[in-house]
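Given the coordinates of chain E, assemble chains V and C with the ligands onto it according to the supplied hints.
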Amino acid sequence: MSEIIKLSSPSDFESLREKIIKGRDPNRTAVAVCSGPGCLAYASGKVFKRFEEALSAAGLEGEVTLAQTGCHGFCERGPSVVILPDEICYLRVSPEDVNEIVETTLKNGAVVERLLYKGEDGLPIQKESDIPFYKYQQKVVFGDNKRIDPRSIEDYIARGGYTALVKAITTMTPEAVIAEVKDSGLRGRGGGGFPAGAKWEATAKPPADTRYVIVNADEGDPGAYMDRGILEGNPHSVIEGLMIGGYAIGANEGYIYVRQEYPLAIDNVLYALDVLRELGLLGENILGTGFSFDIIVHKGAGAFVSGESSALMSAIEGRVGEPRPKYIRTSISGLRGKPSCLNNVETWANVPLIINKGANWFKSIGTEGSKGTKIFSLVGNVKNTGLVEVPMGMTLRQIIFDIGGGIRDDKEFKAVQTGGPSGGVIPEEMLDLHVDYDELYSAGSMMGSGGMIVMDKDTCMVNVAKYFLEFLSDESCGKCVPCRDGIDQLLEVLRRMTAGTARPDDLDLIEDISVMMKECALCGLGQSAPNPVLSSIKYFKDEYVAHINDKSCPGGVCKALIAYTIDVEKCIGCGKCMKVCPVNAISGDKKKPHKVNNALCVKCDSCYQECPSKVQAVTKIRQADVITAFATSEEAANE
Amino acid sequence: MSDITLKINGTEVTVEAGTMVLDAARKAGAEIPTLCNLEGLEPFGACRLCVVEIVRGGRSRIVASCLYPVENGIDVLTESEKVVRYRRTILELLKARWPLIDKKLLEKYGVPADRMVPRDNFCIMCGICVRHCSERRKENVLGFVGRGIERQVVSYTVRAKKVCPECFDKELSCLRFCPTGVIVNDCATVCPASRDEEAFAKPVRVRDDDNAAAVKKSLGDA
Amino acid sequence: MLGRLAAVDKIIEAHGSDREGLIQILLDIQREFRWLPKEILEHVSKRLDVPINYIYNLTTFYAHFSLVPKGRHSMHVCMGTACHVRGAERLLDRTSQVLGIKPGQTSRDEKFSLDTVNCLGACALGPVMIADDEYLSNPTLEDIRRKADSCE
Ligand SMILES: Cc1cc2nc3c(=O)[nH]c(=O)nc-3n(C[C@H](O)[C@H](O)[C@H](O)COP(=O)(O)O)c2cc1C
Ligand code: SF4
Ligand code: SF4
Ligand code: SF4
Ligand code: SF4
Ligand code: SF4
Ligand code: FES
Ligand code: FES
Ligand code: FES
Chain E
6 MSEIIKLSSP SDFESLREKI IKGRDPNRTA VAVCSGPGCL AYASGKVFKR
56 FEEALSAAGL EGEVTLAQTG CHGFCERGPS VVILPDEICY LRVSPEDVNE
106 IVETTLKNGA VVERLLYKGE DGLPIQKESD IPFYKYQQKV VFGDNKRIDP
156 RSIEDYIARG GYTALVKAIT TMTPEAVIAE VKDSGLRGRG GGGFPAGAKW
206 EATAKPPADT RYVIVNADEG DPGAYMDRGI LEGNPHSVIE GLMIGGYAIG
256 ANEGYIYVRQ EYPLAIDNVL YALDVLRELG LLGENILGTG FSFDIIVHKG
306 AGAFVSGESS ALMSAIEGRV GEPRPKYIRT SISGLRGKPS CLNNVETWAN
356 VPLIINKGAN WFKSIGTEGS KGTKIFSLVG NVKNTGLVEV PMGMTLRQII
406 FDIGGGIRDD KEFKAVQTGG PSGGVIPEEM LDLHVDYDEL YSAGSMMGSG
456 GMIVMDKDTC MVNVAKYFLE FLSDESCGKC VPCRDGIDQL LEVLRRMTAG
506 TARPDDLDLI EDISVMMKEC ALCGLGQSAP NPVLSSIKYF KDEYVAHIND
556 KSCPGGVCKA LIAYTIDVEK CIGCGKCMKV CPVNAISGDK KKPHKVNNAL
606 CVKCDSCYQE CPSKVQAVTK IRQADVITAF ATSEEAANE
Chain V
11 MSDITLKING TEVTVEAGTM VLDAARKAGA EIPTLCNLEG LEPFGACRLC
61 VVEIVRGGRS RIVASCLYPV ENGIDVLTES EKVVRYRRTI LELLKARWPL
111 IDKKLLEKYG VPADRMVPRD NFCIMCGICV RHCSERRKEN VLGFVGRGIE
161 RQVVSYTVRA KKVCPECFDK ELSCLRFCPT GVIVNDCATV CPASRDEEAF
211 AKPVRVRDDD NAAAVKKSLG DA
Chain C
115 MLGRLAAVDK IIEAHGSDRE GLIQILLDIQ REFRWLPKEI LEHVSKRLDV
165 PINYIYNLTT FYAHFSLVPK GRHSMHVCMG TACHVRGAER LLDRTSQVLG
215 IKPGQTSRDE KFSLDTVNCL GACALGPVMI ADDEYLSNPT LEDIRRKADS
265 CE
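Residue numbers (my numbering), protein chains in the order written: chain E, 6 to 644; chain V, 11 to 232; chain C, 115 to 266.
Hints should not be assumed to be uniformly reliable.
Cross-link-like lysine to aspartate or glutamate pairs, in silico, EDC-like; alpha carbons within 16 Å at most [as the list claims (entries may be wrong)]:
1) E:Lys581 to C:Glu256
2) C:Lys184 to C:Glu146
3) E:Lys51 to C:Glu248
4) V:Lys37 to V:Glu22
5) E:Lys564 to C:Asp207
6) E:Lys51 to C:Asp247
7) E:Lys608 to C:Asp207
8) E:Lys600 to E:Glu639
9) E:Lys575 to E:Asp594
10) E:Lys331 to V:Glu81
11) E:Lys140 to E:Asp407
12) E:Lys600 to E:Asp610
13) E:Lys584 to C:Asp257
14) V:Lys92 to E:Asp517
15) V:Lys92 to E:Glu516
16) E:Lys343 to E:Glu258
17) E:Lys331 to V:Glu52
18) E:Lys584 to E:Glu615
19) V:Lys118 to V:Glu91
20) E:Lys584 to C:Glu256
21) V:Lys92 to E:Glu524
22) E:Lys564 to C:Glu203
23) E:Lys619 to E:Asp572
24) V:Lys17 to V:Glu41
Which residues of chain E face chain C? A partial, calculated answer using Cβ under 8 Å [to be verified]:
25) Gln265
26) Ala306
27) Ala308
Which residues of chain V face chain E? A few of them, derived with a C-beta cut under 7 Å, are [stated by the list, open to error]:
28) Gly55
29) Arg58
30) Ile72
31) Tyr78
32) Tyr96
33) Thr99
34) Ile100
35) Ile159
Honestly, the hints are just simulated from the structure, not real lab data. If you're wondering where the values come from, they're calculated on a predicted model, not measured in any experiment. For each residue, glycine too, the CB sits at the ideal point set by N, CA and C.
Next up, chain E with everything else stripped away, as it sits in the complex (with noise of 0.2 Å):
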């Protein structure tokens, strides 16, 4: 901010936003270039500040603002650069780019060719929003990432931000606010979708002269980046509804609980935090209206469990992150006893959009019991990885094929996993299920914070759900039996699995265990622990009977299931494969049949990725006994 005044009314406020909207020309060009971890870790940074040298050596910086912004969404193709207002989007831009795009585009207004997205019939697609990543997308909550700097209190003003807080705080009572969020139907996008208006009321209701909101932005589903993608991009738009919510429900003090992991995040709602206070958006009596209300920002030092909510609050007060193992509901006696109310990043950032166009726009998108729209986070074995905005209502084929492209390397499709690790795994048959809380649910998964995980065929499900168990193992904080020692127990028998030394009843003990976790358990860790693994047997358990009976990894992942030959009538000899494997267990002459000594090999895959995939002659045997015959006959041959 240049020149801070502090707004005392709402009127003040009024005049900062139309003087902001006066000063801006929607026509201006403005290139965004996405600082997002994805784009951050293919060095947009250095394309950022190619950008601030390159317009200044042209003179341009007084005509084109330059922004680093949060998440684009289209991870895959990062560093993206969007120029406005035109939309243009550069995918993959490097440093080396940037003089041309300034000089053919901000310059003389053309298209860098190269830079575009190709369709499917190879020609170029200037406009991002046609993209067909971005084309089915509905971008709500996550659109204006590309159009705000997430420093710029201003360009968030400018898209109607603090105008929903205003209005709640100075036209409606917070009955009224409840009321609203009720009518939408939004229900919590943190994992249990529970209805975030009855939370709300739930919270407001006990008497108490003190209550909490607090943000739930310690995102532990491992594989999910959306609630960073906020925070790190639109802080103000979780802040706003955090405010709203405060005043719902009559709190003075939020709490914004962000894991340690995610700097950027910090740094820039801290950021938002001081102008909002210097500009008395935040602190006593806002705009005079009586309202008054702080945020403290709590960083996570890394638990899983700790985003449980009775857990959260136990980490704020500075204690053990561990879940409480009483009966009473945080909306009674949660943060340091009081009233509290937990809603995840997402969740709160949904507020703002509801009070300013009203719970009937809201309902008006989604399914009967789920309303709005939801990221994800697209990733795993999908052409098109990266976050994802979409009606509730989609299916996961239109999510995964029309969105994300396919799969990778045109691979067949296996099976999705929503809903992190309490979640679970849903087949191909199931593909034209929609994402609804509901029907999520009843297929065995659940919607979760927003993880999707796409797989292919060379994907062990055996071994996924192994995965998620050991993620839990180390998780879970130790405390119950059912939990602690249910995992370590079920984590047993899928190594047994894996190692091809089962047991004929391992699936009743693994159903045994599973129940009574989910009934047992203290908390929702333990409680939908075994969900990633019934959910894999429901759909898969060919594979897990593969593994008890047969022996055999038929997705040919299992290490002691598995050995690499090369098949001889296939191999060209190309020598690829002898030049990744890290113990030198393949040998062979340029241009002839190479051949794996496995008394050597390690099983790390790398020749099998390695080999063209035109020829594919390096092959997996993928079952145990076979691998012992081959083994056999492979020493006599040699003798």
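Leaving out everything else, chains V and C with the ligands in the frame of chain E:
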């Protein structure tokens, strides 16, 4: 305090509000096994052996009776089919850690033999010793370290050497309350829970010998 | 040592010497020293009047705290789900092979620490690792070796 009327296995009982279902049920003559519950300590809810089924308006739910306060009109079933089935599995898990667990209990619930992989560390993490020492004795000699399956109970030997001998002969020592007896088994000289020194390093996420030694030092001498 | 404790006092005061600030204080200390030395924990225990057993409970509960010195260079391999299905385990094996240490360990010369993390938010690049501040997308054995050699 007002009174609450509920049913325990079909029999109506009236108890004071705030009473836990476990106490109400025991008062009514029901037998519910417990491990981590000890009178005078805050309920902990860790062993889950005390689970019971609660029916209200046709909907049933499994809860830990040691920390579920009584409510008007609920039906508590302490040995329903579900409860028996779950308790059996919980006992089976406990037995894997603590092979000396009460045989009668195993028989009563028909716990199958040899399905679980033995984890003979005896301590079942009921936390009684830790809570007793900090909540009641206010000595803070014992503590948990680590999380998940790596969670352990350790003692802080410097403090232990100072305060445990005082406490030891008296009725107040933690070892009197340890349900598994692991405390007495391992060390009866200085601090009851100061077991195998190696144990200190285990819970921490380092596997390297050098690092483990450093962590052990950090924890052990504290 | 005195200098270190003075730095710790500053951190404690910045958080209002408040017991509730314990985790935030320890996070700042961890950032300052890259680990949590015993003397410092004892000092914090006294200053905030929190028993030492509780401090150890807390510092061994949260993954971010380290009770042993960390290397000057940190290598973090992502073990998140997205990276897992794209071969994170093999990447971890390769990194471990190059550095000669297992995950969770620090090399004897305190040059490298190898750790696993869950999701770096760069799933599109998976399997991904982060070497100090640099992201490496599915690096080969050679790439990792080159990176390690370039570290002082
Ligand atoms: C083990 C565990 C971990 C959780 N982690 C998160 C998390 O990282 N982020 C989140 O928003 N909710 C998480 N939750 C859900 C929260 O407990 C809580 O339901 C949610 O934050 C409420 O917000 P919502 O209603 O807006 O979704 C977790 C729950 C459990 C049981
Ligand atoms: S269910 Fe797991 S995470 Fe939750 S309290 Fe029990 S051990 Fe801890
Ligand atoms: S799997 Fe790995 S170790 Fe085995 S032959 Fe192929 S490249 Fe070599
Ligand atoms: S990469 Fe494939 S084609 Fe080339 S030598 Fe190896 S097995 Fe033969
Ligand atoms: S014997 Fe030692 S550890 Fe046990 S309660 Fe007494 S002081 Fe605490
Ligand atoms: S040592 Fe005994 S009292 Fe202490 S946690 Fe273990 S089993 Fe419980
Ligand atoms: S991080 Fe740049 S598009 Fe996602
Ligand atoms: S006695 Fe109730 S959980 Fe242990
Ligand atoms: S899962 Fe590895 S970066 Fe997200």
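Here's how the hints hold up against the structure:
1. Taken as a hint, the Lys581 (chain E) and Glu256 (chain C) pair is honoured in the structure, with Cα atoms around 15 Å apart against an allowance of 16 Å.
2. For a cut-off of 16 Å, the pair hint linking Lys184 (chain C) to Glu146 (chain C) stands: about 12 Å separates their Cα positions.
3. At roughly 13 Å between alpha-carbon atoms, Lys51 (chain E) and Glu248 (chain C) fall within 16 Å of each other, so this suggested pair holds.
4. Between Lys37 (chain V) and Glu22 (chain V) the CA atoms are separated by roughly 12 Å; this keeps the pair inside 16 Å, and the hint holds.
5. With a C-alpha separation of about 13 Å, the suggested pair Lys564 (chain E) and Asp207 (chain C) falls inside the 16 Å cut-off, and the hint holds.
6. With a C-alpha separation of about 14 Å, the suggested pair Lys51 (chain E) and Asp247 (chain C) falls inside the 16 Å cut-off, and the hint holds.
7. Between the alpha carbons of Lys608 (chain E) and Asp207 (chain C) the distance comes to roughly 11 Å, so the proposed pair stays at or under 16 Å and holds.
8. Proposed proximity of Lys600 (chain E) and Glu639 (chain E) is supported: the alpha carbons are some 11 Å apart, at most 16 Å.
9. This hinted pair checks out: Lys575 (chain E) and Asp594 (chain E) have alpha carbons roughly 15 Å apart, not beyond 16 Å.
10. For a cut-off of 16 Å, the pair hint linking Lys331 (chain E) to Glu81 (chain V) stands: about 15 Å separates their Cα positions.
11. Between Lys140 (chain E) and Asp407 (chain E), the direct Cα distance comes to roughly 9 Å. Compliance with the 16 Å bound is thereby established for this hinted pair.
12. Taking the CA atoms of Lys600 (chain E) and Asp610 (chain E), the gap is about 15 Å. The hint holds against a cut of 16 Å.
13. Using a Cα cut-off of 16 Å, the hinted pair Lys584 (chain E) and Asp257 (chain C) holds, with the two alpha carbons roughly 14 Å apart.
14. Between Lys92 (chain V) and Asp517 (chain E) the CA atoms are separated by roughly 11 Å; this keeps the pair inside 16 Å, and the hint holds.
15. Our distance criterion of 16 Å between C-alpha atoms is met by Lys92 (chain V) and Glu516 (chain E), whose separation comes to about 14 Å.
16. As the CA atoms of Lys343 (chain E) and Glu258 (chain E) are separated by approximately 12 Å, the hinted pair is consistent with the 16 Å bound.
17. This hinted pair checks out: Lys331 (chain E) and Glu52 (chain V) have alpha carbons roughly 11 Å apart, not beyond 16 Å.
18. Taking the CA atoms of Lys584 (chain E) and Glu615 (chain E), the gap is near 9 Å; set against the 16 Å cutoff, the hint holds.
19. Simply put, Lys118 (chain V) and Glu91 (chain V) have alpha-carbon atoms about 13 Å apart, close enough for the 16 Å limit, and the pair holds.
20. Of the supplied pair hints, the one linking Lys584 (chain E) and Glu256 (chain C) holds, its CA atoms being roughly 11 Å apart against a limit of 16 Å.
21. Taken as a hint, the Lys92 (chain V) and Glu524 (chain E) pair is honoured in the structure, with Cα atoms around 10 Å apart against an allowance of 16 Å.
22. As the CA atoms of Lys564 (chain E) and Glu203 (chain C) are separated by approximately 12 Å, the hinted pair is consistent with the 16 Å bound.
23. Taken as a hint, the Lys619 (chain E) and Asp572 (chain E) pair is honoured in the structure, with Cα atoms around 13 Å apart against an allowance of 16 Å.
24. A hinted pair counts as satisfied when its Cα atoms are at most 16 Å apart, and Lys17 (chain V) with Glu41 (chain V) qualifies at roughly 15 Å.
25. Nearest Cβ of chain C to the Cβ of Gln265 (chain E): about 6 Å, under the 8 Å cut. The hint holds.
26. Contact between Ala306 (chain E) and chain C, as hinted, is supported at the beta carbon level, the nearest pair being about 4 Å apart and thus within 8 Å.
27. With a least beta-carbon distance of about 5 Å to chain C, the hint placing Ala308 (chain E) at the interface is held under the 8 Å criterion.
28. Taken as an interface hint, Gly55 (chain V) checks out: its beta carbon lies about 3 Å from the nearest beta carbon of chain E, inside 7 Å.
29. The interface hint given for Arg58 (chain V) is met, as the beta carbon of that residue sits about 5 Å from the closest beta carbon of chain E, less than 7 Å.
30. Because the beta carbon of Ile72 (chain V) sits about 4 Å from the nearest beta carbon in chain E, less than 7 Å, this interface hint is met.
31. Taken as an interface hint, Tyr78 (chain V) checks out: its beta carbon lies about 5 Å from the nearest beta carbon of chain E, inside 7 Å.
32. At a threshold of 7 Å, the smallest CB-CB gap from Tyr96 (chain V) to chain E is about 4 Å, leaving the interface hint in force.
33. Interface restraint check: Thr99 (chain V) against chain E, minimum CB-CB distance 4 Å, threshold 7 Å, status holds.
34. Interface hint status for Ile100 (chain V): upheld, as the beta-carbon distance to the closest one in chain E is roughly 6 Å, under 7 Å.
35. Given the 7 Å rule on beta carbons, the hint for Ile159 (chain V) holds: about 5 Å separates it from the nearest Cβ of chain E.
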